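2 protein chains.
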Amino acid sequence: MFESENKWEELVERVEDLVSRKRYAELRDLLLPLEAADIAWLCDELDERAPILVFRLLPKELAAEVFVELDSDEQELLIRGFSNSELKEVLDELYLDDAVDIVEEMPAGVVKRILQHADPETRKGINEILKYPDDSTGSIMTTEFVDLKETMTVADALKRIRRTGPDKETINVSYVIDDERRLIGLLTIRTLLLAEEDDVIGDIMERNFIAVQTLDDQETTARALSKYDFLALPVVDTENRLVGIVTVDDAMDVLQEEVTEDIEKMAAILPGDKPYLKTGVFETWKARTPWLMLLMLSATFTGIILTHFETSLMACAILTSFVPMLSGTGGNSGTQASTAVIRSLSLGEVRFSDLLQVVWKELRVALCCGICLAAANFVKMLLIDRWLLRNPTVTPQVALVVCATLICTVVCAKLVGCSLPLLAKKLGFDPAVMASPFITTIVDALSLLIYFQVASMVLGL
Amino acid sequence: MFESENKWEELVERVEDLVSRKRYAELRDLLLPLEAADIAWLCDELDERAPILVFRLLPKELAAEVFVELDSDEQELLIRGFSNSELKEVLDELYLDDAVDIVEEMPAGVVKRILQHADPETRKGINEILKYPDDSTGSIMTTEFVDLKETMTVADALKRIRRTGPDKETINVSYVIDDERRLIGLLTIRTLLLAEEDDVIGDIMERNFIAVQTLDDQETTARALSKYDFLALPVVDTENRLVGIVTVDDAMDVLQEEVTEDIEKMAAILPGDKPYLKTGVFETWKARTPWLMLLMLSATFTGIILTHFETSLMACAILTSFVPMLSGTGGNSGTQASTAVIRSLSLGEVRFSDLLQVVWKELRVALCCGICLAAANFVKMLLIDRWLLRNPTVTPQVALVVCATLICTVVCAKLVGCSLPLLAKKLGFDPAVMASPFITTIVDALSLLIYFQVASMVLGL
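Protein sequence lines correspond, in order, to chains S and L.
Just so it is clear: in the first sequence, position 304 is 304 by my numbering, and no numbers are missing.
Start counting at 1 in the second sequence, then tack on 1000, and there's your number in my numbering.
Hints were generated in silico from the structure; no laboratory data involved.
Since the model is a prediction, treat every value here as computed from it, not as a measurement.
All residues carry an ideal CB built from backbone N, CA and C; glycine is no exception.
Certain hints may be false.
To be verified - Pair ranges (Cβ atoms, derived):
#: 1; chain 1: S; residue 1: Asn127; chain 2: L; residue 2: Glu1045; range: 36 to 46 Å
#: 2; chain 1: S; residue 1: Leu77; chain 2: L; residue 2: Ser1353; range: 23 to 33 Å
#: 3; chain 1: L; residue 1: Leu1355; chain 2: S; residue 2: Thr393; range: 54 to 64 Å
#: 4; chain 1: L; residue 1: Asn1127; chain 2: S; residue 2: Glu45; range: 41 to 51 Å
#: 5; chain 1: S; residue 1: Lys278; chain 2: L; residue 2: Gly1428; range: 23 to 33 Å
#: 6; chain 1: S; residue 1: Lys60; chain 2: L; residue 2: Glu1045; range: 32 to 42 Å
#: 7; chain 1: S; residue 1: Lys426; chain 2: L; residue 2: Ser1083; range: 43 to 53 Å
As the list claims (entries may be wrong) - Taking lysine to aspartate or glutamate pairs in the DMTMM-like style, the calculated list, with each CA pair at most 25 Å apart, reads:
#: 8; chain 1: S; residue 1: Lys425; chain 2: L; residue 2: Asp1101
#: 9; chain 1: S; residue 1: Lys7; chain 2: L; residue 2: Asp1354
#: 10; chain 1: S; residue 1: Lys274; chain 2: L; residue 2: Glu1261
#: 11; chain 1: S; residue 1: Lys426; chain 2: L; residue 2: Glu1009
#: 12; chain 1: L; residue 1: Lys1227; chain 2: S; residue 2: Glu76
#: 13; chain 1: S; residue 1: Lys227; chain 2: L; residue 2: Glu1048
#: 14; chain 1: S; residue 1: Lys159; chain 2: L; residue 2: Glu1261
#: 15; chain 1: L; residue 1: Lys1168; chain 2: S; residue 2: Glu197
#: 16; chain 1: S; residue 1: Lys425; chain 2: L; residue 2: Asp1044
#: 17; chain 1: L; residue 1: Lys1168; chain 2: S; residue 2: Asp203
#: 18; chain 1: S; residue 1: Lys286; chain 2: L; residue 2: Asp1354
#: 19; chain 1: S; residue 1: Lys7; chain 2: L; residue 2: Glu1239
#: 20; chain 1: L; residue 1: Lys1380; chain 2: S; residue 2: Glu310
#: 21; chain 1: L; residue 1: Lys1227; chain 2: S; residue 2: Asp44
#: 22; chain 1: L; residue 1: Lys1227; chain 2: S; residue 2: Asp29
#: 23; chain 1: L; residue 1: Lys1168; chain 2: S; residue 2: Asp249
#: 24; chain 1: L; residue 1: Lys1060; chain 2: S; residue 2: Glu196
#: 25; chain 1: S; residue 1: Lys426; chain 2: L; residue 2: Asp1044
#: 26; chain 1: S; residue 1: Lys227; chain 2: L; residue 2: Asp1134
#: 27; chain 1: L; residue 1: Lys1227; chain 2: S; residue 2: Glu104
#: 28; chain 1: S; residue 1: Lys159; chain 2: L; residue 2: Asp1203
#: 29; chain 1: L; residue 1: Lys1426; chain 2: S; residue 2: Asp38
#: 30; chain 1: L; residue 1: Lys1425; chain 2: S; residue 2: Glu264
#: 31; chain 1: L; residue 1: Lys1278; chain 2: S; residue 2: Asp229
#: 32; chain 1: L; residue 1: Lys1168; chain 2: S; residue 2: Asp199
#: 33; chain 1: S; residue 1: Lys159; chain 2: L; residue 2: Asp1134
#: 34; chain 1: S; residue 1: Lys227; chain 2: L; residue 2: Glu1105
#: 35; chain 1: S; residue 1: Lys7; chain 2: L; residue 2: Glu1196
#: 36; chain 1: S; residue 1: Lys227; chain 2: L; residue 2: Glu1076
#: 37; chain 1: L; residue 1: Lys1227; chain 2: S; residue 2: Asp135
#: 38; chain 1: L; residue 1: Lys1274; chain 2: S; residue 2: Glu219
#: 39; chain 1: L; residue 1: Lys1426; chain 2: S; residue 2: Glu9
#: 40; chain 1: L; residue 1: Lys1425; chain 2: S; residue 2: Glu10
The whole structure should be built from the sequences, with the hints applied where relevant.
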């Protein structure tokens, strides 16, 4: 399956050829064995009219699966192209959570048309899920799960699963509720199959289970699914009534989105929700300029510090040439620490209460790194700059100033880098924002202050 | 379940209290309702002797689950503390892929003891999986899956699942093989349950399926599981014989590790495999120093450029104070572009063949960002630096030099930032290494060259 890009390019060409020659039967045979996600990818590579054609060629069920995998722009085009009966057919095939995802991306006119043609049950479900906030667990759950009663036998339960199963998102786990729809237990299909026909559900169900609430953060829920290796998590309301489930495939999507968001924030980009090549120039510009602007303006302080020490710099001009190295190394050291801490925070490995332990660790790492870098730099300055490049202004004293500054800068950078994300988290901000660019700007200013301080002490400027 | 940290701290205290007062029955009742991952976390928080105690209190099955969730250091301690019969019991309860994960982390002496006490079947399975390279799909698969024959009826299949199911990692998907063990189809438990008892497997199985090979990269396999929303993927050897399956929980772990590795590489850290607080100072130092050293030495070029233009700087000293702002903004612009491209590459949204499209997009974004930043900076320099701070050396000409440089720097930075990761990928290197620190170092030197070029043109230095 993981053949070279060539295979995919060939496939696109063949499909284009078949479309242009109107060989629809052959096209259908070519597409049928493919996975829905791959057909959606193909539609994306083809021209605008292709999706509706592909869509009409495929059997209803596969067509609906492909529809779910398409980009929202293409979904909108398709819906606008659908006849009313086609729209109704697709909606009938969709799982509820997929239908909600689609509705969320559509303009109001299209939403109205969708809701008009959905059956009353689906319409109710969509409206139910739509009322939960964007990042909440409620917004990613589905209400199509198998529910059982405690008093049923295994035979009853299997019969119920056989009857209602085709419409459920998963039958791998069933949920046992009482008369008030409160969740009291759960049951995997494995337990059901391995039990005797006349065992009673209440006796074999698992009563120790983990449930999440509709308003829990969707990332926390997804992390829990991953941590406990579950295939689904039940979602309850504040009165412990079962309202839905979150399945592992949706959790994986959430985790992937959240990681992308974190990485974007760490690179001073405002997070977006579209793939890179689908985001327009203007949108990309809007996501990138605010942080650039803020960081540019805050770099002014570094400039002011430099101006302030202008006379010292004039007296010993060679000092200037080591500024980029010092601020670069400081920035990189800080980035290493902040990145390590931010990632550990988001994986739940580190908490604010670990602050002292983190600082103590980074202090020791910083000293080791700093001394090591300083030693290398000292040798380099005397051997290469002074001796090989014959620059007499690189005296041992200057080398001493640069190397002492290097150690102090690395230590400061690592301490700032490891503590700011923890503080941000404690104060309720997103730690990812305290990453590389922000730390770099602070460390730039710090390293200059240290540099001129050390220089004035050693060289008496 | 997502209560505040306090709840967990209270739990640790209660467990410590019960252990010290030897109230083992109460301790057992306290632990039983918890998830294995949470008990493992508790063991980690308690002192060294606690795990073996907790382990002996729990029922065999739960104890084995907890064992799997422990850190390898604790697993080693436990194995060393186990009697031979305890070791055998645990090994019997483990799924094969978990047993392999454990064996991979243990020193040779412990491995020998494990293999001695595993039953022959398990021992064979462990040795089988151990022979696959570290990052391959074979190394994360399990060989415990349900296999069926084409000629079986649904009733036969269900009987087989009931009989062999308890030892299988998952029964949600069964795999149909021919007499040479070649994979010819698969079947979800849903299909089985919804079929008639006397349907023949060959008629209802899915013949269009995706299989991966033992030597495929584990990240590619995990991404495929996520992309196609599968619960498991079959793994075949070069002759298409079914040798194992990869389940979604293992895929999630792989994806999480790979993301952490990417993030670490992007922050110039050599990737490690232990959680932040579990990594020793020396190990952290070893992971961080190489890149710092390399980047420090390459920053020398920037220093050489500065020295080269020393006389120009002397003639117009105010220019120096804008160097940090220019190199900072350049670095941040480059980081934004490289990060966006690296993430898209790892999500499979962008390929090398998109190079021109990416460059064209970044060029336009860079011009928008650059012009916007330059305009803001021009106003700021004249209003604040010249007028408010009364610095007469900030002339409109100087502002022009700085702002023109800013635009050129942003454009260069974005172009370098977006193209280097794509080139790295094409050449078979890891694109994540082409991230922030590396780009910053290149852009630093570039921005200085542009700066002095523009300055000498406009100011005639």
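Exercise for the section: Could you tell me which of the numbered hints above are not met by this structure, giving the numbers in increasing order? Expected result: 3, 6, 8, 14, 33, 35
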